[in-house]
Structures are given as structure tokens and as C-alpha cells.
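Asks: Each protein sequence line maps, in turn, to chains Z and P. The numbering of the first sequence is the working numbering, which starts it at 1 and goes up by one. The numbering of the second sequence is the working numbering, which starts it at 1 and goes up by one.
No lab work stands behind these hints, which were simulated from the structure alone. One should not assume that every hint holds.
[As the list claims (entries may be wrong)] With a straight-line Cα cutoff of 20 Å, these simulated EDC-like cross-link-like pairs (lysine to aspartate or glutamate) come out: (1) 103(Z) to 195(P); (2) 183(Z) to 7(Z); (3) 275(P) to 96(Z).
[Stated by the list, open to error] Some chain Z residues close to chain P (C-beta under 10 Å, calculated; not the full set): (4) 76; (5) 77; (6) 78; (7) 100; (8) 107; (9) 129; (10) 131; (11) 145; (12) 151.
Where a beta carbon is used, it is the ideal one built from N, C-alpha and C, also for glycine.
Okay, here's what each chain looks like letter by letter:
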Amino acid sequence: MSPTTLEVKQLKKSFQEDLILNGLSFQLKKGEILSVVGPSGSGKTTLLRVLAGLETPTHGSLWMNGKDITATKANRRDISLVFQQPLLFPHMTVEENIVYGAKVSKKYNKQKVERLLEAIGMSRYRNHFPAEISGGQQQRTALARAMATEPEVILFDEPFSSLDPSLRQDLRYWVRDFLVEQKTTALFVTHDMEEAMIMGDQIAVFQDGTFQQIGEASVLHHHPANQKVASFMGGHLILNENEFVPLGDIQLSPGHGDGEVRTFQGRMEHLTYQHGHPVAHINVPALGSRVALPVQQVTTDTEEVTLHIPTSRIQRFEVNQHE
Amino acid sequence: MKSFNLKHSLLFLPAVLFMLLPLYGLLTAVLNSFGRHRGWTLDYYRQIFESNRFVTSLVFSLQTALIATLLSILIGIAFTRSFYPILEKMAPRVSVWIPMLFPHFVWGYMVILLLSETGVAAQLLTAAGWIADPQQFPILTRDPDGIGIILTYVWKEVPLVILMLLPVYASIRPEYYALVDTLGGSAWNRITAVELPHLLPVLMETSLIIFSFTLSAYEVPALLGTTFPEMVSVLSYDWFYGSSWQKRPLAFAAMVSISLVLLVLSFIGYGYLNKARWRAMRGSRS
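Chain Z on its own, in the form it takes in the complex (with noise of 0.2 Å):
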């Protein structure tokens, strides 16, 4: 069992009335890596900058390596923060920015640099000024700079949103294996859950200034703890606040067996494609909410179409999992 490098307990914040973390509690273990999934506004980045340091919690305190560092200042913590935007420092070349990570924090060393450099792969880019590369390769060495400063954990806000498609693809699969090799703690937040589910050994589900339920990716799918759960993971069609069915158990015709069947009335609004699999976009009034759902074949003769789903499908939320 690996220890715990850092353990946050009961942390509140607010600004002014509004109450933004309330009562949040986990623990990462040494070479963790953890996403927090929520929409966004949800106050995912105020974590992020109580966990830095660069706010105070209004209750609630943080511990690093058994060590209570809630009064500590955010440049004596051992925690780096990758931003949203690079912010890479744009008179420095990429070695000076990564170099002044290393010297801030008074950890230079020579070979350290010439690693980092070479593990996100601009050696060759060296001496480059920010402005000069493109944006992966600037938020690649904002990240080596981080690095460089050795922190105990690093904290992501939202690192690839401003990059585009194709290269947050790449970034994602890069970042995940590089903190694995480096076996570093980590908490990693987004408001993509296929981001969440690519970069974190574990997913939470970060709503209403808590964790509404923390898990891998399968239990996150197949045991949501509630409807808001269940409706950020996209696989499931909700049916009240304590039922729900798995978006592949529902069928546009009637089914061959017995059983009892639950219908439902609904609007096909659109079609796409997604993953090579056409998606009906439907509109089901009686739940008061759209559904994308898979479907086998394109029925395009009309818009109206009937939901059927098999009563023995339905599954209820496992209240109180997230504990």
C-alpha cells in the first residue's frame, strides 16, 4: 500500500455567500493520479488554488506527507500548478524557462534540465523563444518547468482547453504516460469526462462544492451514485431520481422478449455520427430532457419515434457510494 502524500479534510470555501467547496474530503496516495470532472463554473479551479495555496480555506485543512500545511504560503508548498494557458515567460527560451522553474525553487541541476528537455521532446527547440512554438509544445514545457521544480504533487487546471482537437488527443495520451514514468501525484481537473477517464487512475465527480462519487471509470458507469452522476457520464437515460437505464438496453422497436416493457414517447431531432456509429438525438417530453442515443440503423421515414426499455433493465443509483 502506498502512503498517503496528500490528504485534504473537510475543506470549505466561500466568497462572500456563496459556498463553493463544501466539506470536500480525499486522499492521494504517492503516484496517484486523480481527475476531478465537472461542469464548468463548478469551482474545480478554486480547489485547484486552495490546494496551491494561492487561496485560504475558510474551514477545513490540508496535509502533505502527514505534515499540516494549511497555514503553509503557496511558494513553500511542494505543489506546482500547470495553468489553463501556458504562461510560459515570453523573453525566456524554453531552456531558461525550465531552467527557472529548477532555480526558483533552488533545485537546479544540469542533468535534470537535459532530462526534462528531453522527455517532452524539445532539445531540439532549446533555445526557442514562447513565441516561436506552437501551443503543444508551449503547454509541454510549461509542464517540464513544473517538473522541474520537483513537487510532491501537480496540479492540472484544465491544461489542454485551449489547444486544439487533434493535438489535446495526442497531449492527453503523452502528459498521462510521462507522469506514470515519473511516478508523480497528481490531480487533474477537466470538464471532459473522456479526459477524466484518460488521464486519472481514478475519476471524481466534482458538483455543488462536493464529490458526488469517486470511482474508476467502470464503477463511475455501470454503479453511478446519483442522477447527477449518471447524467455527466452521458451513458444513461434517466428516468426519476432514483432510476436509471444504461443508454444500450434501450431499443427503438419493440423487443422479442416477454418481459415488461416501459414506453416512451420521443422526437428524433438529429443524426450524427460518432465514432462510426450513427446517434439518434431524440427529445423525450415525458422526462423533460434529450437523449443521444447509439442506434443500429438510420430510420429516417419519420421523427416520431418510441423508446422501449425492458423493465428488468432498469437499475437504482447507489446513494451514498462516494464515501
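Using the hints provided, position chain P relative to the given structure of chain Z.
Replies: Using the frame of chain Z, we list chain P on its own:
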């Protein structure tokens, strides 16, 4: 394409028209300093650089201008840095800029009224019993060290420095400060890595403007200076409008020498800012 070029050339027209007179003045001064009407010679330059009065004046001028410039810049930075969130509001900003409304000679008179040995400050301190007699008030105007000149210039130029630096401070992204903090940097690192690189071009420009002005302007040293050592501008004025026309070319040679110093400084500054590093700061590729 032709009309495009023509349009661009036309845009330079106001600047060119504006510069015609000073450029004509400069050219005539250069020609006269080399003895245009009396046969070409370097004699006037030899004369001024052999004259103790001029060399002392040049050293005194450079020293006074340099101190005034450095103090204005340092106080301006400290002030802007400490108060820029307040200065973004209209009323405080306008009140800081009030000294800029007054011409330099008016500000010079104000300094005399306030800080001379018979001035308001001396009278107030005497009345308050801090000094027994106004005569005990330190000599701050018309002094041999140029304190009065420096005081007037600093007082007058600090608002200009604030005016120049305020937009730069307002444009620095606060995330950069957070970044330096998370890397483990101190308050000093924030200044050197984030603020100074942003400020550098503006600081360089502002320093050059203030230095050029304090080195060559006439009215403040004429009001607040002594007869020895005197600022180069005062000396040149004396040579130019003095009783003997013989000395006019000396005035030209003196001012052309000052212009040369300023030109060289400007080129060094421009060359430095044009290095790849500072071009990259402005986002251009090398």
C-alpha cells in the same frame, strides 16, 4: 499596391512637417558648429572641450540629469506598483497627474516659493519652533549641488512615469504572479521575472525622454541653479545671447555635443530592445 504605399507615406506627413523646424535647427547648428561662414574648422569643439567652464558644466549636467532621471523612475515605479489598483479609478489618477498641467518654469517657481530659505516651508518650521530662524533652513534652491533642479524635475516627472507605467501594470496578467508563487518564487522573483520584462521597453523610453529633457532644458536650471557649476543649457544660452557674437558657434558646438550624447544613448537603447529576447517579449518571431 501603389495607392497603399502612397497612403502610408501620407500618414507620415504630419510627423515630417512637425519635425521640419527642429531638424532644420539641428542641421544649421551642426553646420555652424563646424564654422560654416568662417571656413570649416573643428576649432569650436577644441575650444569647448579645453574650457574648464564647459567640462565642469557637462559633468554637472550629466550628473544632475542622471540623478533626476533615476529618482523619477524609481519613485514612479514604487508609486505605481503600490497604488495601481487605486490609480485605476478616475479621481486618484487625475490628482496624481496634476503637476503635469503646469509648465516647468511655473513648477520651478513653486519649488522656490516652498523650499527657498525664505519660503513657505522655512516660515512654517520657524513658526512651529522646529528651527529658530528661517536662515537655518537648509539651502535647497540655487545650491551648487543641483538639489533644487533635481527636486523640481523629480516632482514634475514622477507623474509622467506613472502615466507611462500605469497601462503596463494594468496589462500584466495576475496569473503570472500566481505562477511564480507556485514555482516557489519570492516577491523579488515576481518583480524580476514578471514586472521588469514587461516594464523594460517603457522604462527605457521614459528614461530617455526624462534624461534628454533634464539634460538640455533651460528654464528650471536658469531659475533654480547657480552660476557655477551651471547646466550646459544655461551656459549655451549665455554663449548664444551673450554680448559677443564670437561665442555663438561655441553654443552650437555645446548643444550639438549634447545631441550626440542623446543620439548615442537612444541608439544603444533601441539596439538593446531590438535583441531577439525583447522582440520575443512583444510576440514576434525572429
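Asks: Classify the hint on residue 145(Z) as holds or violated, based on whether any CB of chain P lies nearer than 10 Å to its CB.
Replies: At 7 Å from the nearest chain P Cβ, residue 145(Z) passes the 10 Å test, so the hint holds.
Asks: Answer holds if the nearest beta-carbon of chain P is closer than 10 Å to that of residue 151(Z); otherwise answer violated.
Replies: Holds, because the Cβ-Cβ distance from residue 151(Z) to chain P comes to roughly 9 Å (cut-off 10 Å).
Asks: For the pair we were handed, residue 183(Z) and residue 7(Z), check the Cα-Cα distance against 20 Å.
Replies: The hint holds at about 18 Å.
Asks: Any CB of chain P closer than 10 Å to the CB of residue 76(Z)?
Replies: holds (8 Å)
Asks: Residue 77(Z) was flagged as interface toward chain P. Is the shortest Cβ-Cβ separation under 10 Å?
Replies: holds (8 Å)
Asks: Between the alpha carbons of residue 103(Z) and residue 195(P), is the straight-line distance 20 Å or under?
Replies: With a Cα-Cα distance of about 18 Å, the restraint between residue 103(Z) and residue 195(P) holds, given a limit of 20 Å.
Asks: Holds or violated: is the Cβ of residue 78(Z) closer than 10 Å to a Cβ in chain P?
Replies: This interface hint holds because 9 Å falls under the 10 Å limit.
Asks: Is the shortest C-beta separation between residue 131(Z) and chain P less than 10 Å?
Replies: holds (5 Å)
Asks: Tell me if residue 107(Z) is really an interface residue toward chain P, meaning its C-beta lies closer than 10 Å to one of theirs.
Replies: With Cβ-Cβ at 8 Å, under 10 Å, it holds.
Asks: The hint names residue 100(Z) as touching chain P; please verify it with the least Cβ-Cβ distance against 10 Å.
Replies: With a closest approach of 7 Å, the residue 100(Z) hint holds.
Asks: Once the shortest beta carbon distance from residue 129(Z) to chain P is found, is it less than 10 Å?
Replies: Hint on residue 129(Z): holds, closest Cβ of chain P at ~3 Å, below 10 Å.
Asks: Given the hint that residue 275(P) pairs with residue 96(Z), test it: the Cα-Cα distance must not exceed 20 Å.
Replies: holds (16 Å)
Of the hints listed earlier, there is not a single one the structure fails to meet.
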